[in-house]
Amino acid sequence: KAGVTQTPRYLIKTRGQQVTLSCSPISGHRSVSWYQQTPGQGLQFLFEYFSETQRNKGNFPGRFSGRQFSNSRSEMNVSTLELGDSALYLCASSLPGGLNEQFFGPGTRLTVL
Amino acid sequence: QQQVKQSPQSLIVQKGGISIINCAYENTAFDYFPWYQQFPGKGPALLIAIRPDVSEKKEGRFTISFNKSAKQFSLHIMDSQPGDSATYFCAAPYDMRFGAGTRLTVKP
Numbered sequence: 001k002a003g004v005t006q007t008p009r010y011l012i013k014t015r016g017q018q019v020t021l022s023c024s025p026i027s028g029h030r031s032v033s034w035y036q037q038t039p040g041q042g043l044q045f046l047f048e049y050f051s052e053t054q055r056n057k058g059n060f061p062g063r064f065s066g067r068q069f070s071n072s073r074s075e076m077n078v079s080t081l082e083l084g085d086s087a088l089y090l091c092a093s094s095l096p097g098g099l100n101e102q103f104f105g106p107g108t109r110l111t112v113l
Numbered sequence: 001q002q003q004v005k006q007s008p009q010s011l012i013v014q015k016g017g018i019s020i021i022n023c024a025y026e027n028t029a030f031d032y033f034p035w036y037q038q039f040p041g042k043g044p045a046l047l048i049a050i051r052p053d054v055s056e057k058k059e060g061r062f063t064i065s066f067n068k069s070a071k072q073f074s075l076h077i078m079d080s081q082p083g084d085s086a087t088y089f090c091a092a093p094y095d096m097r098f099g100a101g102t103r104l105t106v107k108p
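Keeping their order, the protein sequence lines are chains R and Z. Residues 1 to 113 in the numbering used here are what the first sequence lists, from first letter to last. Residues 1 to 108 in the numbering used here are what the second sequence lists, from first letter to last.
The set of hints was computed from the structure by calculation and includes no laboratory data. From the three backbone atoms N, C-alpha and C, an ideal C-beta is built for every residue, glycine too. Treat the hints with care, as some may be off.
Said to hold, decoys possible - Derived Cβ-Cβ restraints for the label pairs, each shown as a range:
| id | chain 1 | residue 1 | chain 2 | residue 2 | range |
| --- | --- | --- | --- | --- | --- |
| 1 | Z | 79 | R | 62 | 43 to 51 Å |
| 2 | R | 95 | Z | 42 | 17 to 25 Å |
| 3 | R | 61 | Z | 107 | 35 to 43 Å |
| 4 | Z | 41 | R | 77 | 20 to 28 Å |
| 5 | R | 10 | Z | 8 | 27 to 35 Å |
| 6 | Z | 69 | R | 80 | 44 to 52 Å |
| 7 | Z | 61 | R | 73 | 33 to 41 Å |
| 8 | R | 27 | Z | 67 | 32 to 40 Å |
| 9 | Z | 41 | R | 95 | 21 to 29 Å |
| 10 | Z | 16 | R | 27 | 35 to 43 Å |
All chains, full assembly: derive it from the sequences and hints.
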């Protein structure tokens with residue numbers, strides 16, 4: 001079974017721009033979660049999608065948004081980028097239910113200049 | 001808010017030694033306690049997990065122990081090896097929260 005894939009792997013943007021990251025979950029997994037990982041803050045939960053609906057949301061500003069498509073693929077968008085948005089963005093997929101193991105992708109490294 | 005508090009932040013152990021990482025949780029609704037391992041350049045991967053109906057689970061050199069009354073669970077790595085050098089996270093899946101992480105370095 002193919003793992004979780006994320007594209008692009010690396011991205012460089014400038015302040016004020018917007019960015020869209022993509023995640024393809026493991027086949028059969030319908031839950032997709034997004035996390036921001038920074039050295040100072042660790043893994044911070046952004047949001048979770050299940051069956052195209054946002055089921056859970058972390059404490060991030062509205063500049064961070066996401067969506068999920070009918071094939072369970074997910075995208076997250078960050079608008080009006082700030083320097084502090086530089087981070088590794090990780091996507092994880094799992095079978096339905098918060099108690100199941102999450103399978104992480106390799107992440108997208110976003111650098112905001 | 002932080003639902004899981006992990007310690008220590010970093011840990012240096014000699015090869016062959018025992019590494020111990022602790023995690024304290026607040027929400028008593030948790031009923032699944034996983035540890036994830038992350039190597040540089042990779043996403044985290046599930047290492048070992050326990051349900052609270054058992055107090056200990058062992059998989060090879062890795063043992064997870066659970067203390068319900070203290071609301072804590074711990075990861076023990078026996079006979080630590082340089083290849084174990086990674087960042088370890090405990091998690092509270094119910095709230096989609098992770099601990100802050102412990103960077104383990106095993107010196108040869």
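Evaluated hints:
1. Z:79 to R:62: 43 to 51 Å: Since residue 79 of chain Z and residue 62 of chain R have Cβ atoms about 49 Å apart, the given range 43 to 51 Å holds.
2. R:95 to Z:42: 17 to 25 Å: Holds, at about 22 Å.
3. R:61 to Z:107: 35 to 43 Å: For residue 61 of chain R and residue 107 of chain Z the Cβ distance comes to about 42 Å; the hint holds.
4. Z:41 to R:77: 20 to 28 Å: holds (25 Å)
5. R:10 to Z:8: 27 to 35 Å: Since the Cβ atoms of residue 10 of chain R and residue 8 of chain Z sit about 31 Å apart, the hinted range of 27 to 35 Å holds.
6. Z:69 to R:80: 44 to 52 Å: At 48 Å between Cβs, range holds.
7. Z:61 to R:73: 33 to 41 Å: holds (37 Å)
8. R:27 to Z:67: 32 to 40 Å: holds (38 Å)
9. Z:41 to R:95: 21 to 29 Å: holds (26 Å)
10. Z:16 to R:27: 35 to 43 Å: holds (41 Å)
Hint compliance for this structure: every hint is met.
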